Structure formats: structure tokens, C-alpha cells
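First to last, the protein sequences are chains G and B.
Be aware that the first sequence starts at 1, since it is given in this note's numbering, and climbs by one per residue.
Be aware that the second sequence starts at 1001, since it is given in this note's numbering, and climbs by one per residue.
If you're looking for bench data, these hints aren't it; they were derived computationally from the structure.
All values reported here derive from a predicted model rather than from experimental measurement.
Hints may be right or wrong, so weigh each one.
[What the hints assert, rightly or not] Some, not all, of what chain G presents toward chain B, calculated at C-beta under 10 angstroms: (1) 241; (2) 369; (3) 381; (4) 385; (5) 455; (6) 476; (7) 504.
[Said to hold, decoys possible] The calculated label-pair distances, taken between Cβ atoms and stated as ranges, are: (8) B/1019 <-> G/44: 42 to 48 angstroms; (9) G/206 <-> B/1009: 38 to 44 angstroms; (10) B/1045 <-> G/9: 45 to 51 angstroms; (11) G/497 <-> B/1022: 52 to 58 angstroms; (12) G/317 <-> B/1057: 44 to 50 angstroms; (13) B/1075 <-> G/464: 40 to 46 angstroms; (14) G/464 <-> B/1061: 51 to 57 angstroms; (15) G/20 <-> B/1004: 49 to 55 angstroms; (16) B/1040 <-> G/279: 53 to 59 angstroms; (17) G/437 <-> B/1045: 21 to 27 angstroms; (18) B/1077 <-> G/102: 36 to 42 angstroms; (19) B/1040 <-> G/102: 22 to 28 angstroms; (20) B/1065 <-> G/159: 40 to 46 angstroms; (21) G/331 <-> B/1026: 31 to 37 angstroms.
[To be verified] In silico negatives: residues of chain B with every beta carbon more than 10 angstroms from chain G: (22) 1010; (23) 1012; (24) 1024; (25) 1036; (26) 1077.
Glycine included, C-beta positions come from ideal geometry on N, C-alpha and C.
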Amino acid sequence: MGKLTVFDYSIVALYLIATMVIGVWVSRYIKTGREFFLAGRSLPWWAVGMSLVATDIGGTDLIGVGGATYRHGLALANFEWIGCVPAMIVAAFVFMPHFWRIGITTIPEFLERRFDVRIRTAVAACWLVFMACNLGVMLLASATLMKALAGWPIERTVCFVAVMVFFYTYSGGLAAVVYTDVMQGTIMIGGAAMIVVMGLIDIGGIEGLQRGVNAAVAARANVETGEPPRNEHFDLILPVDTPSPYPWTGILFGLAFITSPAYWIGNQAIVQRTLGARSEYEAKASYIWGALLKSVFPLIIAVPGLIALAKFPALENADEALPRLIGSLMPAGAKGIFLAALLAALISNVDSYLNSAATIFSYDFYLRFLRPNADERQLLRVGRLMTILFSVWGVMFALMLSWDKSGIGIYSIFQTLMAFFNGPAFAVLLAGLLTRSATSRGVLAGFVAGVLTSVSLYLLNRPEITGWLQTEPLFRVADPFLYLSIWSFLVTIGMTAVVSYLTDADPPEKQAMSLYGAPKGVVA
Amino acid sequence: MSLLHGIGNLLRELMGQIPLGAVRVMFVAIPLVLMVWVLRLPASQTTPPDSRPRWNTDLRLWAWVALGAQVLIYCVF
């Protein structure tokens, strides 16, 4: 990224101060648990929509998507387009209004209202473990990135980011997270857009980009294989036998049909800010606004990867694409804007998961099992205490991961945790929302079967296991997480249907929590 | 070669036989179908309840813009 000047650091400092000021300003209005966890249901649609998008894009995504686009092309944009927009539109008009109307705070809470406490606790425990571990992973990823870009030491960056995020999440809760996300999202979009514009001017516009990318791919293919080059860099839909990890089957069946709806309908960190919207209409509008923002996102996060390919066709490490581009395009001072954008993306990720982890513990464990009669002030105290504890845990876990030299890949294992339960949790949620006939025993059996399926498939693809069994890996793509989601989702649905058919129906008041309300002739 | 490998290979071969043109139709059809669905939603679900609806407060319009962009994108790329 090149040398940073005092002016660059001044811009970063200005951004950090502005974040703190927003946090302190918002915290003056937080007096109860409901205000802390759901911002007292006072959030406007534009803030929630921007926060949804800022939470979805982390700093590592900015670098990672740029690098992956450099390597595999525009297919990465599927994750923002078919992998976001349709699910967000359906969620906006069908699922979010339902969640908002029935007044839940967490997704597991809905599962108890629709089924029973067992499925609520199982799903809440999965989310809590994932979020707690992911906090450490995200803090370490942030620090590793800042070390590579600006030479910041890992331990100090982990502590610095954690203290900053903790400060405003502790004081202002969800409202502080959402309003700081608005500023962070704006800086992120502005910084990334600046690179695209300057990059396109530098390489001679769209035509120069096409020429440069085609030449780079042709040269790369000739050196590696000697075969005629297969240029997929401007294609969104890739064939089943593509050398990239994004064949259309995974994108359509795994991403568009399962992972994306699971994320936008069932991810607590995402849904929670919409539950804090000031009205049902604004909850819907926030998702539509988010979908509109998502429509332009690939232009600013994926296209820089293509510009880098045209400009630096022979990079050994594709993840260097964006930093190299910034280093070569940005004048002194302007790099600070991008560094602030990157920090903004990193922080907006961590704050959301910190707040949501505290919410799940407070509502699904403390309020449910430990102190069912806790008042709003007690709930606020517990929420803040958990914010402290999860912050400390996140720092410790990040440092443990950074010190780990065993090479067993703890880091990547935790990255895969979500893939284990994402499909099953979404299948259970969908069964509860879309049918009255799914029973509590059915979904519990389905959830267990689904998680076991994804874990088994993951293990059967590991080289240690396939070597021991003397067989080939099950999947041909390097990271088969989209496929794990498909199969675990299908197994969960199948098992839920069978066991529900064999067991007694749930009481009408439970069935009334589905989208269709109570059965005919029954007042729930 | 286990039973699971056999099922995986069979599915891969079957999917590989679908022409990319047909796949593109599926990718375009998803936002297109949703556009029709959005259009059929009652105005009461897409406008603010307690104010006189203006054209720019009807969420159907903005959902259409987002979905229309998807149709265009998947037709071109």
C-alpha cells in the first residue's frame, strides 16, 4: 500500500474520533434493556438499511473479494447480486414484517414461540458459540490485514479495535452500532468508489479494462498449461466444470436458494437491527434500501480486482491486488481515506456480532433460564456485562489464534462453523414459518440430523479422513461450504417432515406463530 | 468409490448437460418472477399506513428497481 503520511493518519484519527462521538451521543438515550438491544424500536429505515450492508461487508471481504475477483473474475459479484437481492426483497415483504409484528428480540425466541424451548436453546447455543468464536476470528483478521497494509503490530491492533468497538457498543447498544455503521458504510462506499474511478481513468476506461484483463488471462493460461485460455473473468454464470470455486450449481442451489435466505432471514446479527426499526413499514423499507445498495456494491468491491489484474497481471498473491492498486493510484493523503474505509468495514463487522452475542445470551439464556422476572434495568446491566465479557473473550481468543503455531488450522475451522448449522437452522425456521404441520419433535430431530450431515460431509472431504479411508474427497471444489448447506438443509427438511408426520401436532397457539396464523376455527 | 461419490458424480454429470443458456434463463427468471409477485402485492403492504401515499413511498417501485437491475445484469453478463 506504500508509505503513509501524517495526513493519512490524521484522516484515520478523524474517523475514529467521529465514531466515538456518535457512540457517546447515542448512549445518552439508553436507559433500559429494550433500548440497549433494540434501540427502543426507534431506528429509521435509511440507517438500518445502510447498517445491514455495512455489517455484511467486512474489511477482509474488501481485500478478499478484490483478490478473488483478480483470480476468478466477476463471478464473485454473484454473492452480492443473486446471493443477496432476491432474498432481501422476499424477506422485506414476508418475513421481517412478521417478526416485527410479533415483537421478538431474537430468532431463537421465535423458535420457542412456534415450537418449544429445546429447539430455541439448540439454535441459540449454536449462534452463541459461532458469534463468540467469530469475534476473535474477526479481530485477528482485522489485525492481520492492518499489519499487511500499514505495518501495525497484531497484538496492539487487536486490543485497539476491541477497546474502540467495546466503548461504543457498551454505551450505546444497537443504536450506537447502527448509527456508527451509517458513517462506516458511507466512508467504505466512498473510499472504494474513489479507487474504481481513479483506476478506470488510469487504465483507459471500460475498453482498457477489457483489453487489459483479456491480455492478462491469455498470458496466464499460456504460461500455466499451454492450452488455449479459458477466459471467464467477465462471466457471472460459470459451467459445472469451471476451474474456479463458483460453478452455477453452487451459486444457484447453495447460495441463492439456501445460504442467502438463511443469512438475510435467520442471522441474528442481521435481523436484530431490523427488529429495532421504528415501524413495520420502516422495517420493510430498510431491507429494500439495503437491496438497492447491494445492487451497486460489486461495482466498488469486485471491479477493483479486475482493474488490478489489468494493471498488475503477474501478482503471486492475489490478495495483494487491492493494496497494490491503492499504493499505485492514491496520492499521499488519499490513502488515509481508504485506510479509514477499511477500518470502518472491519469495525462495523465486529460491533454487530458483539452486540448480537450479548443479546442472545441476555434473552435466550439469562432471561429464559436464570432470571425470567428480570426487569429492564437488570437486563441492561446484563447486556453491558456480557458486552464486557465477550470483548475480553474476543481479544483472548484472537491472541490465542495468533500465537497458535501448530498449523492445525483453528482459524479456518471456526470460519466453517457457520456452514455446519446455517442450513439446518434455516430449514427449521422456514418449517416454522411456512407450515403449521411441522412439530417441535420434528424440527428438533431435523436440526440434529442436519448438523450431523454437514459435519459428516465436511469430515468426508478432509484429506486426513479420505487418506485414512483411501477414497477420494466427496466434493471437487476446494471450499464446498455452499454444498454442505444444500445437503444439510435438505436432510433437515426431510427428517422434519417424517418425524412431524409421525408425532402429534403442536397446540394451536404454537401453530398461530406461522405466517398463516391459527388453524381455521381456532382462536389462538 | 462410495455410494455418495456415485450420487455426486451422477448429479454433476446431469447438471453439466444443462446448457448455460438454459441456466441463464433460470438466473433471469428468479428476479423476473419476484417482480411479478411484488407487483401483485396489495398497496396496504407496501405503503406507510398513517399518511397519504406518495409515489416515492410505495416500496413496490424501489423493489422493482432493485430486481430490474438484476434482470439486466444477468441478461448482459
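Results of checking the hints against the structure:
no.: 1; hint: 241; result: holds, 6 angstroms
no.: 2; hint: 369; result: violated, 37 angstroms
no.: 3; hint: 381; result: violated, 36 angstroms
no.: 4; hint: 385; result: violated, 38 angstroms
no.: 5; hint: 455; result: violated, 14 angstroms
no.: 6; hint: 476; result: holds, 8 angstroms
no.: 7; hint: 504; result: violated, 34 angstroms
no.: 8; hint: B/1019 <-> G/44: 42 to 48 angstroms; result: holds, 47 angstroms
no.: 9; hint: G/206 <-> B/1009: 38 to 44 angstroms; result: holds, 41 angstroms
no.: 10; hint: B/1045 <-> G/9: 45 to 51 angstroms; result: holds, 50 angstroms
no.: 11; hint: G/497 <-> B/1022: 52 to 58 angstroms; result: violated, 30 angstroms
no.: 12; hint: G/317 <-> B/1057: 44 to 50 angstroms; result: holds, 48 angstroms
no.: 13; hint: B/1075 <-> G/464: 40 to 46 angstroms; result: holds, 45 angstroms
no.: 14; hint: G/464 <-> B/1061: 51 to 57 angstroms; result: holds, 54 angstroms
no.: 15; hint: G/20 <-> B/1004: 49 to 55 angstroms; result: holds, 53 angstroms
no.: 16; hint: B/1040 <-> G/279: 53 to 59 angstroms; result: violated, 23 angstroms
no.: 17; hint: G/437 <-> B/1045: 21 to 27 angstroms; result: holds, 26 angstroms
no.: 18; hint: B/1077 <-> G/102: 36 to 42 angstroms; result: holds, 40 angstroms
no.: 19; hint: B/1040 <-> G/102: 22 to 28 angstroms; result: holds, 25 angstroms
no.: 20; hint: B/1065 <-> G/159: 40 to 46 angstroms; result: holds, 44 angstroms
no.: 21; hint: G/331 <-> B/1026: 31 to 37 angstroms; result: violated, 46 angstroms
no.: 22; hint: 1010; result: holds, 13 angstroms
no.: 23; hint: 1012; result: violated, 6 angstroms
no.: 24; hint: 1024; result: violated, 6 angstroms
no.: 25; hint: 1036; result: holds, 12 angstroms
no.: 26; hint: 1077; result: violated, 4 angstroms
Checked against the numbered hints above, the structure violates hints 2, 3, 4, 5, 7, 11, 16, 21, 23, 24 and 26; every other hint is satisfied.
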